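Use these hints to put chain B onto chain A, whose structure you have.
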Amino acid sequence: MTITKNQKPKTKNQPLDELDRAILNEIQSHFPIGSRPYAEVGERVGASEEEVLARVMAMAEAGIIRRLGANFTSRKLGYTSTLCAARVTPESLDHFVAVVNRYPGVTHNYLRRHRYNVWFTLIAESEERLNQILEEISGASEVLEILSLPAQEVFKIKVDFQL
Amino acid sequence: MLSDLDRKVILALQRDLEICPRPFLEVAEHLGIGEEPLLAAIRSLMARGYIRRFGATLRHQQSGYEANALVAWAVPEADLKRIGQHLAGQRAVTHCYARRPAPSWPYNLYTMIHGRTPEECVKIAAQMAAETGVRDYEMLFSETELKKTTMRYFREGES
Chain A
1 MTITKNQKPK
11 TKNQPLDELD
21 RAILNEIQSH
31 FPIGSRPYAE
41 VGERVGASEE
51 EVLARVMAMA
61 EAGIIRRLGA
71 NFTSRKLGYT
81 STLCAARVTP
91 ESLDHFVAVV
101 NRYPGVTHNY
111 LRRHRYNVWF
121 TLIAESEERL
131 NQILEEISGA
141 SEVLEILSLP
151 AQEVFKIKVD
161 FQL
Chain B
164 MLSDLDRKVI
174 LALQRDLEIC
184 PRPFLEVAEH
194 LGIGEEPLLA
204 AIRSLMARGY
214 IRRFGATLRH
224 QQSGYEANAL
234 VAWAVPEADL
244 KRIGQHLAGQ
254 RAVTHCYARR
264 PAPSWPYNLY
274 TMIHGRTPEE
284 CVKIAAQMAA
294 ETGVRDYEML
304 FSETELKKTT
314 MRYFREGES
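First to last, the sequence lines map onto chains A and B.
For the first sequence, the positions run 1 to 163 when my numbering is used.
For the second sequence, the positions run 164 to 322 when my numbering is used.
For reference, chain A alone in the conformation it holds in the complex:
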């Protein structure tokens, strides 16, 4: 397996202008839940529905907008989650990452410059399943150690960027 770097936008990386920024600031957390959402955004930022749609399409195409939709509270849906930190040798890294990334409940995974070098988030439908997955991962790889660091309190979860 080859590790790929963060994807670059497919189109030219043009700088965002004032209207792009205004649109992004609106649609990160205040996307209108209405029949014509882009017309509503247009009213807020002073542009037509067509203009807003064209800008959003271009920014999605360029990879500036990664996704557009709902973010759920996994705990309220009955799911449990944790942050895992693993110590993996360079030789067994590719295999370990392949094993971990197979699980749909692994939603984020980063190689980090640290002795605990692989950090991933894991969501599962129960505590039992979560522990089972961690045991499966340990059994199927040559990981030296995996820490499970479940959240006890959320002080902030917000991914808005004021642009």
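These are computed hints drawn from the structure, not numbers from a lab.
Warning: the hint list may mix true and false statements.
Restraint ranges, calculated between C-beta atoms of paired labels, are given here [as the list claims (entries may be wrong)]:
(1) Lys244/B x Pro90/A: 32 to 42 Å
(2) Met57/A x Met209/B: 18 to 28 Å
(3) Arg87/A x Pro184/B: 42 to 52 Å
(4) Arg178/B x Ser29/A: 19 to 29 Å
(5) Gln177/B x Arg36/A: 17 to 27 Å
Note that the structure is a prediction, hence the values are computed from the model and not measured.
Quick reminder that beta carbons are idealized off the backbone N, C-alpha and C, glycines included.
Same frame as chain A, but now just chain B:
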């Protein structure tokens, strides 16, 4: 409690919204319900906290905040709430969680900080350490994104 309609809506909303003039109409047609009932169901799921945010997620690297670091802090248990709330209030911090530490890893507070450069992240963390008096912390810079995806809930045979 989730109704059958709630569950159908949650399943349908796990796909990205189409970028088109009437994206919710498309979802409603897919579900075989009217647009208004769908909009009402989404607003209700938001009001009840099942949907925590609805909107665009940006690729950080494209938004000018090129650098980020996960900073793990070892905070005395008695100060955890106060310091957690304090750090959560800072603009550079996008995520702030108290987490259960491990025997070989005493860090119990985690902040994701974003800056324009790694040096800026280091400076922000040092500033936070000075403000809070928490001197024991580890900075975890990401080298490579190995996976970034969205959880799919209520799917059979997957976890």
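Checked hints:
1. Lys244/B x Pro90/A: 32 to 42 Å: Between Lys244/B and Pro90/A, where Cβ atoms are some 39 Å apart, the hint holds.
2. Met57/A x Met209/B: 18 to 28 Å: The hint (18 to 28 Å, Cβ to Cβ) holds, given that Met57/A and Met209/B are roughly 25 Å apart.
3. Arg87/A x Pro184/B: 42 to 52 Å: 51 Å, holds
4. Arg178/B x Ser29/A: 19 to 29 Å: This hint holds: roughly 20 Å between Cβ atoms.
5. Gln177/B x Arg36/A: 17 to 27 Å: Holds - the Cβ-Cβ distance for Gln177/B and Arg36/A, about 23 Å, lies within 17 to 27 Å.
Hint compliance for this structure: no hint is broken.
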